[in-house]
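Undergrad: Protein chains in written order, with my numbering: chain W, 2 to 144; chain D, 3 to 76.
Treat the hints with care, since some could be wrong.
Some, not all, of what chain W presents toward chain D, calculated at C-beta under 8 angstroms [unchecked claim]:
| no. | residue |
| --- | --- |
| 1 | A51 |
| 2 | R54 |
| 3 | P69 |
| 4 | L79 |
| 5 | D85 |
| 6 | A86 |
These are computed hints drawn from the structure, not numbers from a lab.
Computed from a prediction, not measured in an experiment: that's the story for all the values here.
Every residue, glycine too, gets a C-beta built ideally from N, C-alpha and C.
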Amino acid sequence: MSAVIRQMATVTSQAILERGTDGYSRERSMSPAPTLTPPLALDYLRELSADIRSGVVLDPAGKLLAGPQELGDAARDLVQAAGDAEEIHVSMADGAVFAARSDKHALVVVCGRLALPSLIRYDLRLVLADLEGGTRPDAPAAA
Amino acid sequence: MPRLPRKPTAPRPRGAVGAMAASLARRKAAREPRVVLTDPGGHPRTLDPSDPAAEPLLDAAERLLTAVQGRPDA
């Protein structure tokens, strides 16, 4: 390496340092990835599965955090009627409703009749874990 | 290892008629209400639709499905 090339690298790094450009050639911070917000969680769920028509995110008291207002009351009733169950699956002739909850959030989604329960439940647990900033669940076993 | 004799089963229609009957039965079963609750230990429990505990769940699910069907983006 010639002296000119060595000098160029030093000048560049010094210029970056003086400008206070953050994150360039530095180690990433050890803090965990930022958690999802409730509205982003719903968007993410709808991207994960085309079978999900709509959904809501509730807090432990049943307050609507994200999603259509008109689904809030029925979603709250569903979660409250399930007792201490962690996951709920109700399928009917016109479609299916799935819910999963943790200590901080409850996710309720409405799906078409052909939604695959194991995949929807996995997606719910995945997004719930991201909402909490916790560990993601293992992928479902191949059928 | 010697094979055990086959257990007798109820007679079922075979051939095209049997396939059609099975298909109709599957369709009917798929449209029946079904409630499954999973406890924190990961154990699923299927509730009978006539179970009193299933009624509020079915009612809430019905309301959710109706509300979503009325939405233009659903």
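Undergrad: Can D85/W be said to touch chain D, with a Cβ gap under 8 angstroms?
TA: 7 angstroms, holds
Undergrad: Holds or violated: A86/W as interface residue toward chain D, Cβ cutoff 8 angstroms?
TA: 4 angstroms, holds
Undergrad: When the nearest CB of chain D is found for P69/W, is that gap smaller than 8 angstroms?
TA: Cβ of P69/W sits 7 angstroms from chain D, so the hint holds.
Undergrad: Would you settle whether the hint for L79/W is holds or violated, based on the nearest Cβ-Cβ distance to chain D being less than 8 angstroms?
TA: 4 angstroms, holds
Undergrad: Min Cβ distance, A51/W to chain D: is it shorter than 8 angstroms?
TA: 12 angstroms, violated
Undergrad: Less than 8 angstroms between beta-carbons is the criterion; does R54/W satisfy it with respect to chain D?
TA: This interface hint holds because 4 angstroms falls under the 8 angstroms limit.
Checked against the numbered hints above, the structure breaks only hint 1 and satisfies the rest.
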